[in-house]
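Q: Chain residues, written in single-letter form:
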Amino acid sequence: AQSVAQPEDQVNVAEGNPLTVKCTYSVSGNPYLFWYVQYPNRGLQFLLKYITGDNLVKGSYGFEAEFNKSQTSFHLKKPSALVSDSALYFCAVRESWGGATNKLIFGTGTLLAVQP
Amino acid sequence: SQTIHQWPATLVQPVGSPLSLECTVEGTSNPNLYWYRQAAGRGLQLLFYSVGIGQISSEVPQNLSASRPQDRQFILSSKKLLLSDSGFYLCAWSVRHKTLAGVDNEQFFGPGTRLTVL
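Taken in sequence, the protein lines are chains A and B. Quick note on numbering: the first sequence equals residues 1 to 116 in the working numbering. Quick note on numbering: the second sequence equals residues 117 to 234 in the working numbering.
The shape of chain A in the complex, shown without the other chains (with noise of 0.2 angstroms):
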């Protein structure tokens, strides 16, 4: 069965710090990998994706994401956090034989709060 871990529920990080969300994946065939991030009482924004390439990826607000076939993982990176990017964080992978559906499997969340 295919399926996302997100390992910490939260995260907490200095302004100015390096980030690093992380997330594993179990999936049978390549893997299709995104980010999003939701502020409070807000929708899901896409911030990046993996496909198939470069295992760094790079997306919006400064973030980027290195993938790791080896150890099936896709940590969630920002070289210098702000206060601004404190948030709730989700990885997921697209179904494999998912077809036209397009479904993804979406981890529980990890909290990032960045300390001013």
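Incorrect hints may have been included.
Partner residues are not named here, just some residues of chain A that face chain B (Cβ under 7 angstroms, in silico) [as the list claims (entries may be wrong)]:
#, residue
1, Lys22
2, Tyr25
3, Val27
4, Gly29
5, Tyr39
6, Leu44
7, Tyr61
8, Phe63
9, Arg94
10, Thr101
11, Asn102
12, Thr108
13, Gly109
Hints are computed from structural coordinates only; laboratory data are not their basis. Idealized CB from N, CA, C, for every residue including glycine.
Dock chain B against chain A, hints included.
A: Then chain B, alone, in the frame of chain A:
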């Protein structure tokens, strides 16, 4: 550019009352459409998805239903709300899957509807 709308933004309904939430997408054709519920501010639960007009797939059996009367309109309904139906309801769209290479697989979300059932 594409935009997705949801209304109402907030809703307070008594137990046993009907429900109708609407979602519309602009700037694209033949999208896949999805309804999610987010309870307790965290996990996302896929409720329904649709790959075309009148085509609805249910992920979780419950007292909710969905309809797609037009290409870019997706409606979530209930005849009688339960307390457990409270939550944040999110609509999303994606480009219909084109090839096995997985082009354009991401989903784009609307602003959500906060439903409180009392």
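Q: Against the earlier hints, flag every one the structure doesn't satisfy and list their numbers going up.
A: 1, 2, 3, 4, 5, 7, 8
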